[in-house]
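K.L.:
Residue numbers (the working numbering), protein chains in the order written: chain G, 37 to 391; chain Y, 37 to 391.
Among the hints, erroneous ones may be present.
What the hints assert, rightly or not - Taking lysine-lysine pairs in the BS3-like style, the calculated list, with each CA pair at most 27 Å apart, reads:
hint : chain 1 : residue 1 : chain 2 : residue 2
1    : Y       : K120      : G       : K120
2    : Y       : K319      : G       : K319
3    : Y       : K319      : G       : K120
To be verified - Computed, partial: chain Y to chain G, Cβ under 7 Å:
hint : residue
4    : E163
5    : R164
6    : T166
7    : D254
8    : Q257
Stated by the list, open to error - Reference listing, derived: stretches of chain Y covered by chain G, where coverage requires no fewer than 3 residues with Cβ under 8 Å from a Cβ of chain G:
hint : stretch
9    : 106-117
10   : 172-178
11   : 197-208
12   : 223-235
13   : 318-325
Bear in mind the hints are in silico, worked out from the structure with no lab data behind them.
C-beta: ideal position from N, C-alpha, C; glycine also.
Number of protein chains: 2
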Amino acid sequence: MQLTFDGETVRGGNEARERFYDARGYGRPHDGGLELAPVEAGHLLFRGDVTTVRDDRDDSGEGIGFESLLASRAVSEVDFFVYKELRDRGFYLSPTDSADVTDFIVYPRGQGPWDDAVAYRVTTLSERATIDAGTLQAIARGIDAEEDEASTGVLAVVDEESEVTYLELDVPTLSGSTYHDIPSFEGDLLSDRVLVPEPPAALHDRAFYGQRLDRDDDRVQLSLVEAAYLSSRGDLAVGVEDVADADAIVDRGREVEGERFDRRLRVYDALRSAGIVPKTGFKFGADFRTYADVDSVDDLGHSEFLVRALPADHSFVPRDLSLDVRLAHGVRKRMLFALTVQGGIDWLSAERLTP
Amino acid sequence: MQLTFDGETVRGGNEARERFYDARGYGRPHDGGLELAPVEAGHLLFRGDVTTVRDDRDDSGEGIGFESLLASRAVSEVDFFVYKELRDRGFYLSPTDSADVTDFIVYPRGQGPWDDAVAYRVTTLSERATIDAGTLQAIARGIDAEEDEASTGVLAVVDEESEVTYLELDVPTLSGSTYHDIPSFEGDLLSDRVLVPEPPAALHDRAFYGQRLDRDDDRVQLSLVEAAYLSSRGDLAVGVEDVADADAIVDRGREVEGERFDRRLRVYDALRSAGIVPKTGFKFGADFRTYADVDSVDDLGHSEFLVRALPADHSFVPRDLSLDVRLAHGVRKRMLFALTVQGGIDWLSAERLTP
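From just these sequences and the hints, can you work out the full model?
P.N.:
Right, here's the structure in full:
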């Protein structure tokens, strides 16, 4: 049985179709025979199911082996290692057209290309490359996918040592139930926060704004982002001369943080509007940690998300994604990226996945 | 008992010295009386030990209270929260001259400014500020400290909610014992790694270069940084035409990573030269994880460090430091920053500290 390669597609006859497609889900049937993507042929060569593939463009008759196929760049190593890893895990999968965001369609275990169901849409990436926020969103949303929308968008990162890390990307719906009325109050704008000498009782203990100055001290300190939000709603007055209160606080925030402060404030606002309480995520290396349903600070419950506020055109380094997702997993939270776009926030969550 | 403030120093008489310095380690004696830094006076005001401080510059006779002192910017809130936190933990501490890298000298528990010993040299930082690598190195080395060299350099970061996170900074000495002779061998330069069809047995199994292609497959794949290192030592030949092997590999690395590849290669080289094996730290969001004493990959032992390679002029965001150190702690490793300087690498380690 001979397979041939024309530089784009590997082809085989009826026997190859029976043996590789019908029995094991490689390639796709074509005119009674078989068409394989180079990465699929590479896997057959790697396994020794096929020894060499004949090169249509080469008259020498010397066939292509696994190593020369990989060296030829007809197959990206990153694609090969992901393909192999998923095969090792017992999945059948099909490469897509290279223009797609999705590199592989992965079928549920026990199913294959002859079935309709899709378990994962996988995009491959080298540890050493970068990926922009828009592409991650496309993976999460599956906008280019004709297939079943119930499938999960997955980024498969191949590290320098060819280990594969899978990240499940999703567009979560955020909703909480924390809405408390607070009577308006006054505070002092310090250099890096706002001190509230006589806070309304609900401010900290129910709505979970700020922190008490000390365990036995009723005075509350607000972060600048909390203060800017409360001031923009008219709840907080800081009494700065000649400037609107909210503007004075935002100016103070920008002094140190620049546009990052504006970005964090927009994310803070969006989370509060969804009934969710954002608190600092500093100890977790994030912008915020969140609580969805706060009725009293004495009974907070577990914080669900770690949130990082980023510009919509942010370019992700896979290593940083790996760091964020691993840390969030370690503290039983989900990593949430808040991408600030014109007119709102796009949410993108990332979690470690074992297919 | 009346304390007075001239805009720089708070002063009291003999009674104040007895009550605050002799008994509780606040300030320093001067002419039989007491001199306090504003942050120390702020803490006495906060605790209610003193109600108000008289302002020498103000004839109205209205004293300065805690809130107005903090609002006046005579005391940085960041300094105040660190001072308070360390006092709450039972330490006596003294502010230093503001030109120092060190903000507070912290005495061992049970000791004070009248003793010679120093436990910690503490530098304070707001979560929202940045700090450059040079300053972190100065904290670690204590180069500006006249005091006991046995003291520990500490960065105290105050987050938006005024919680304090302590990071111990150090300049570690790195040494390992992994030196194995490898006969020279050949490999194929693929797009993102080097494939070694017939590797010497010691290459992977003893010296821990690369990975096997599969559990039962003897072929070894090397990362580009491993391959560049081995090639520069003359151990690996990849047979690229018209170019030295090592240059061809480095060029491939730079194609994707730019100067980051060179930085990583220098750090890789320095670690290997110290007898330490660097492997990818991708799953931990780092450049490398390290093994100091590898005799066989079947008996690796625990990896000690996570390493991040950075340019010497890197500016750290406290949030990123917090993220790295927390993750490393969670996997029982120490976080190590490798700062590439002219002629070598400066090592800087950071660990979470509970004083």
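K.L.:
Each hint: holds or not?
P.N.:
Here is what the structure says about each hint:
1. Y:K120 <-> G:K120: 57 Å, violated
2. Y:K319 <-> G:K319: Holds, because 20 Å separates the two Cα atoms, which is no more than 27 Å.
3. Y:K319 <-> G:K120: 19 Å, holds
4. E163: Hint holds; Y:E163 Cβ to chain G Cβ min 5 Å, cut 7 Å.
5. R164: 5 Å, holds
6. T166: Result: violated, 9 Å to nearest chain G Cβ.
7. D254: 13 Å, violated
8. Q257: 6 Å, holds
9. 106-117: That given contact holds, which follows from 6 residues of the stretch 106-117 of chain Y lying within Cβ reach (below 8 Å) of chain G.
10. 172-178: That given contact is violated, which follows from only 0 residues of the stretch 172-178 of chain Y lying within Cβ reach (below 8 Å) of chain G.
11. 197-208: Held - the stretch 197-208 of chain Y has 4 residues with a Cβ nearer than 8 Å to chain G, which meets the minimum of three.
12. 223-235: holds (count 8)
13. 318-325: holds (count 6)
Violated hints, in rising order: 1, 6, 7 and 10; the structure is consistent with all others.
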